[in-house]
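Residue numbers (my numbering), protein chains in the order written: chain A, 1 to 112; chain B, 113 to 226.
Keep in mind the hints are simulated off the structure, nothing from the lab.
Values in this document were obtained by computation on a predicted structure and should not be read as measured data.
For every residue, glycine included, the Cβ atom is placed at its ideal position computed from N, Cα and C.
One thing to keep in mind: the hints can contain errors.
[What the hints assert, rightly or not] Here are the simulated SDA-like cross-link-like pairs (lysine to any residue), alpha carbons at most 25 Å apart as the crow flies: (1) B:K121 to B:S191; (2) A:K42 to B:G128; (3) A:K58 to A:G17; (4) A:K71 to B:Q153; (5) B:K121 to A:L46; (6) B:K208 to A:D53; (7) B:K121 to A:P40; (8) B:K169 to B:D183; (9) A:K5 to B:Q153; (10) B:K208 to A:M94.
[What the hints assert, rightly or not] Cβ-Cβ distance ranges computed for the label pairs, FRET-style: (11) A:K71 to B:K169: 37 to 47 Å; (12) B:P182 to A:K68: 41 to 51 Å; (13) B:F181 to A:G96: 21 to 31 Å; (14) B:S198 to A:N97: 39 to 49 Å; (15) A:E59 to B:K208: 12 to 22 Å; (16) A:K58 to B:S192: 43 to 53 Å; (17) A:I12 to B:N189: 38 to 48 Å.
[Said to hold, decoys possible] According to the in silico footprint, chain A covers these stretches of chain B (three or more CB under 8 Å from chain A): (18) 124-133; (19) 151-160; (20) 198-209.
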Amino acid sequence: QQQVKQSPQSLIVQKGGIPIINCAYENTAFDYFPWYQQFPGKGPALLIAIRPDVSEKKEGRFTISFNKSAKQFSLHIMDSQPGDSATYFCAASMTGNTPLVFGKGTRLSVIA
Amino acid sequence: DSGVTQTPKHLITATGQRVTLRCSPRSGDLSVYWYQQSLDQGLQFLIQYYNGEERAKGNILERFSAQQFPDLHSELNLSSLELGDSALYFCASSAKQGFATEAFFGQGTRLTVV
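Okay, chain B solo, but in the shape it has when bound (with noise of 0.2 Å):
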């Protein structure tokens, strides 16, 4: 157990609506880092967050969101979904800032668009 919680596991929406995932962090961790898996492209980096502000930002769609709260955990907010956009969404943790570090990946939400 990384001790990284995602929810859902598993979430089945229509094209056209808007989910959020949800991600709570390794107690103490600060920063977090939203990925997108797919089998075509691999693992992507789309945002990080440390202590609540917006540190770096990767393959991010704008129909894409993300937020860190006070209490460090975060949200991903996925809008206007696409058939496109199913794929595996993990969140990770670390203590530091930056990304050569040991970060701790949650068990994932698993996204299907039909």
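Bound conformation, chain A alone (with noise of 0.2 Å):
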């Protein structure tokens, strides 16, 4: 019940390609999805986050798609770039004090 499910483990896209990331989750008591972007020898930063009362939240070229139904969420970048290669990891938690669980993470490379 606690556990984010995370895929692709890696994926490759051209320059310009739109890559998506998808998580899954069984607990119905999460309300906060936030993703975090990893370059290699730096800690997780908080790159976008949504609450279920929204389907979609999009900040610069990311977008989160929601599915409450489905108990799914996805991560889409547009217009993707060399800079964004790096490893996205989905997470969930819920209001109050539980801690993020966080998904296995996506490797991204993004080729020119």
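With the hints as a guide, bring the two chains together.
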């Protein structure tokens, strides 16, 4: 119930493509879904987050789509650039003091 | 730069030893979280402190302990180290107590147990 399943493990796209990373969760009490971006040698950094009262959120080239009934959410990166090459983690938590549960990560490579 | 400082960046030690990892949170942040990142387990939450008090505990081994000091810096103590403890250890901080809020991660301490 506490797991967040992330796919794919790795992804290679051409520059300008739209990589999509998917996550699925079981616990319907989760109400906070962030995505973190991690570059080699650095700590994860919050990219964008969504709560279940909306189905989509955009910040720049990054979009989260959220499907409450399917218990799934995904990250889309528009017009991807080589600088977007990083590992992306989805996570889930709930209001209160419940720790974030992270997906296993997706290593994205954007090639020119 | 997230504003969270972790020291040391790298640590190599032998099995059975004890080490201390240090974290200075962003200025004004009262919450400190510790995470372990390994290739096979991903990011695992260990423990959280808020304004000096332990608030949440995750998959933290009994050989591990942590504390947050009055100046809000935190230390993670790992003892009786085993090869399997080799991992990246991250500290994160946030202004609020809960997890459903933006947390800022440090650059991590890479621990290698030989």
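**Request:** Could you grab the alpha-carbon distance between K121 (chain B) and P40 (chain A) and see if it respects the 25 Å cut-off?
**Result:** Holds, at about 14 Å.
**Request:** Given the range 43 to 53 Å, decide if the beta-carbon distance of K58 (chain A) to S192 (chain B) lies inside it.
**Result:** Once the Cβ atoms are compared, 48 Å apart, the range 43 to 53 Å for S192 (chain B) and K58 (chain A) holds.
**Item:** Distance restraint between K121 (chain B) and S191 (chain B), which requires alpha-carbon spacing of 25 Å or less
**Value:** holds, 18 Å
**Item:** Distance restraint between K208 (chain B) and M94 (chain A), which requires alpha-carbon spacing of 25 Å or less
**Value:** The given pair, whose Cα atoms are some 14 Å apart, holds under the 25 Å limit.
**Request:** Please test the hint of 38 to 48 Å on the beta carbon pair from I12 (chain A) and N189 (chain B).
**Result:** holds, 41 Å
**Request:** Below or equal to 25 Å on CA atoms is what counts here, so check K58 (chain A) against G17 (chain A).
**Result:** Holds. K58 (chain A) to G17 (chain A) sits at ~17 Å (cutoff 25 Å).
**Prompt:** Between E59 (chain A) and K208 (chain B), does the C-beta distance stay in 12 to 22 Å?
**Reply:** holds, 20 Å
**Request:** Quick one: see if chain A covers the stretch 124-133 of chain B, three-plus residues with Cβ-Cβ under 8 Å.
**Result:** violated (count 0)
**Asked** Taken at face value, is the distance from the CA of Q153 (chain B) to the CA of K71 (chain A) at most 25 Å?
**Response** Holds. K71 (chain A) to Q153 (chain B) sits at ~22 Å (cutoff 25 Å).
**Asked** Mind checking, does the stretch 151-160 of chain B have 3 or more residues with a CB under 8 Å from chain A?
**Response** Since 5 is at least three, the answer is holds.
**Message:** Check whether the Cα positions of K5 (chain A) and Q153 (chain B) lie no farther apart than 25 Å.
**Reply:** Given that 25 Å is the threshold and the Cα spacing comes to 12 Å, the pair holds.
**Prompt:** Holds or violated: are the alpha carbons of K169 (chain B) and D183 (chain B) at most 25 Å from each other?
**Reply:** Measuring from Cα to Cα gives roughly 21 Å; hence the hint holds.
This entry does not satisfy hints 2, 11, 14 and 18, going by the numbered hints stated previously.
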